[in-house]
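Given next are the chains, with one letter for each unit.
Number of protein chains: 2
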Amino acid sequence: MDEMKKRETLILEWMKELGKDIVKNKDEAMEIEEKTSFNDLVTNMDKSVEKELTSRIRENFPTDRIVGEEGYGDDVDTLDGTIWFLDPIDGTLNFVKQRENFALMVGVFVDGVGELAAVYDVMRDKLYSARKGDGIRCNGQTLEKPESLPLSEGLLATSSVLMVNEENAYVRELGRQSMGVRALGSAGLEVVEVAKGNVVAYMARNLKPWDIAPGVVFMEELGMKATQFDGSELDMLSSNHAVFGTEPAHKEIVNSHNSQ
Amino acid sequence: MDEMKKRETLILEWMKELGKDIVKNKDEAMEIEEKTSFNDLVTNMDKSVEKELTSRIRENFPTDRIVGEEGYGDDVDTLDGTIWFLDPIDGTLNFVKQRENFALMVGVFVDGVGELAAVYDVMRDKLYSARKGDGIRCNGQTLEKPESLPLSEGLLATSSVLMVNEENAYVRELGRQSMGVRALGSAGLEVVEVAKGNVVAYMARNLKPWDIAPGVVFMEELGMKATQFDGSELDMLSSNHAVFGTEPAHKEIVNSHNSQ
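Protein chains in written order, with the working numbering: chain H, 386 to 645; chain W, 386 to 645.
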């Protein structure tokens with residue numbers, strides 16, 4: 386079995402297993418800490434899931450490097466070699482407040498190119514995964530490529546921050562050009578919405594490499610777009626204002642951003 | 386068996402049965418028409434579900450009156466007697482574009498007072514229901530009353546229109562006071578989010594009686610609030626700018642609206 390196939394098989398097993406632990410323990414008393422602000426949270430569950438994944442990856446793939454949201458990975462400042470991007474609970478605020486609508490996310494890149502991705506909607510037991518060149522699946526079943534629709538024929542997913550901040554008038558205008566806006570509060574689940582064709586695009590500011598890694602792979606597999614708001618390439622070592630979408634919706638968003 | 390109990394038993398059975406039909410037929414070619422604008426849609430499925438419910442209600446409760454979104458009900462201009470409010474597919478745009486995130490909704494009022502309510506999240510097979518004085522259930526299991534949290538300790542659900550229109554700056558400010566905004570695109574599912582405590586409030590403009598009927602009953606059962614944005618009573622014969630929420634979040638929204 387080649388090494389990437391082994392990574393795929395193991396990570397999908399581990400995600401299902403850790404998802405079961407999350408479901409089992411989610412109603413226990415939780416330790417919640419604020420990170421940068423009152424709505425940027427981390428729980429003991431985020432930490433324990435990342436620790437566990439990190440330790441299994443190190444055991445099985447000792448030369449791979451790891452970039453994890455909670456900091457149990459490595460200090461990574463180049464994209465050389467095989468890098469795992471881990472987000473143990475994407476949508477921690479939903480996890481804390483709703484006990485649903487969060488995801489466990491993993492992406493694997495080799496020399497800066499996305500090779501593997503998985504987003505696990507834990508509470509609905511739906512595991513979306515992709516391997517470069519092999520399409521995208523939900524619980525093993527291949528998803529169809531969505532229609533390549535413009536904003537006027539689809540829904541636009543966006544973030545709470547983009548919706549509530551006054552300065553983003555062009556995003557509200559994009560919302561008015563679309564059939565409607567949607568906001569779930571999880572970059573992982575929202576990129577899945579794009580991949581399923583439920584929305585024609587998703588845009589959000591300040592997404593970290595672990596937030597965007599699966600989306601990059603999913604879009605590539607579906608012939609869809611993933612860039613910064615200005616159309617430039619995403620940076621897997623930094624923070625990104627990222628848009629994922631169909632070719633026409635992506636173009637409308639980038640043009641609108643650049644002509645502000 | 387008293388008549389209201391009979392209504393409850395039958396409607397919950399019918400909703401499950403019609404939900405199965407929707408799931409079975411949802412991938413068939415659909416007839417889609419625009420109602421008032423390019424994002425206000427109706428499908429043959431909305432119509433056939435409402436027709437079917439209307440005919441069963443008439444057969445079993447011949448003196449009851451019916452107010453249905455698609456117009457198969459009666460001309461109702463008083464709230465006297467027993468009135469059924471029917472929304473065969475709430476979130477038709479989601480139904481058309483996503484084939485999920487829509488709900489089948491029913492409310493029964495007697496002399497203007499909410500007695501029965503049900504919201505069926507068809508694709509997730511979750512039927513939320515309430516009977517006056519008997520609490521609220523999901524698939525028969527009683528839901529706990531959510532904590533009575535203010536905006537600063539919870540999420541705010543709102544509509545696409547409120548988010549994208551420039552004139553609603555106070556709604557964006559409310560969003561900034563909250564931990565984040567969420568938008569699902571279905572009044573029925575969003576009022577369920579309030580009832581579950583997933584969000585502390587939901588607010589949307591121009592909601593029709595069939596959009597708000599279940600929410601009115603749910604909030605009453607949970608000791609939560611349901612009014613117009615200005616704090617005045619909801620009108621079950623007209624269109625409403627409606628807010629549903631915990632007592633503190635509701636008060637913050639009404640105060641903010643009224644001090645614009």
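Check each hint, because a few of them may be wrong.
Cross-link-like lysine to aspartate or glutamate pairs, in silico, DMTMM-like; alpha carbons within 25 Å at most [unchecked claim]:
1. W:K581 / H:D406
2. W:K405 / H:D406
3. W:K391 / W:E402
4. W:K420 / W:E398
5. H:K409 / H:E388
6. H:K409 / H:D459
7. H:K581 / W:E485
8. H:K420 / H:E398
9. H:K530 / W:E455
10. W:K581 / H:D425
Derived coverage of chain H by chain W (criterion: at least 3 residues anywhere in the stretch with Cβ under 8 Å from a Cβ of chain W; other residues may be distant) [unchecked claim]:
11. 439-450
12. 523-533
13. 559-568
Under 10 Å between C-beta atoms, here's a sample of chain W residues computed to sit facing chain H [to be verified]:
14. N524
15. G525
16. L528
17. A568
Quick caveat, the hints were computed from the structure, so don't treat them as lab data. Don't be surprised by glycine CBs; every beta carbon is placed ideally from N, CA and C.
Results of checking the hints against the structure:
no. : hint            : in the structure
1   : W:K581 / H:D406 : 23 Å, holds
2   : W:K405 / H:D406 : 32 Å, violated
3   : W:K391 / W:E402 : 17 Å, holds
4   : W:K420 / W:E398 : 30 Å, violated
5   : H:K409 / H:E388 : 32 Å, violated
6   : H:K409 / H:D459 : 29 Å, violated
7   : H:K581 / W:E485 : 11 Å, holds
8   : H:K420 / H:E398 : 30 Å, violated
9   : H:K530 / W:E455 : 33 Å, violated
10  : W:K581 / H:D425 : 22 Å, holds
11  : 439-450         : violated (count 0)
12  : 523-533         : violated (count 0)
13  : 559-568         : holds (count 7)
14  : N524            : 15 Å, violated
15  : G525            : 19 Å, violated
16  : L528            : 13 Å, violated
17  : A568            : 5 Å, holds
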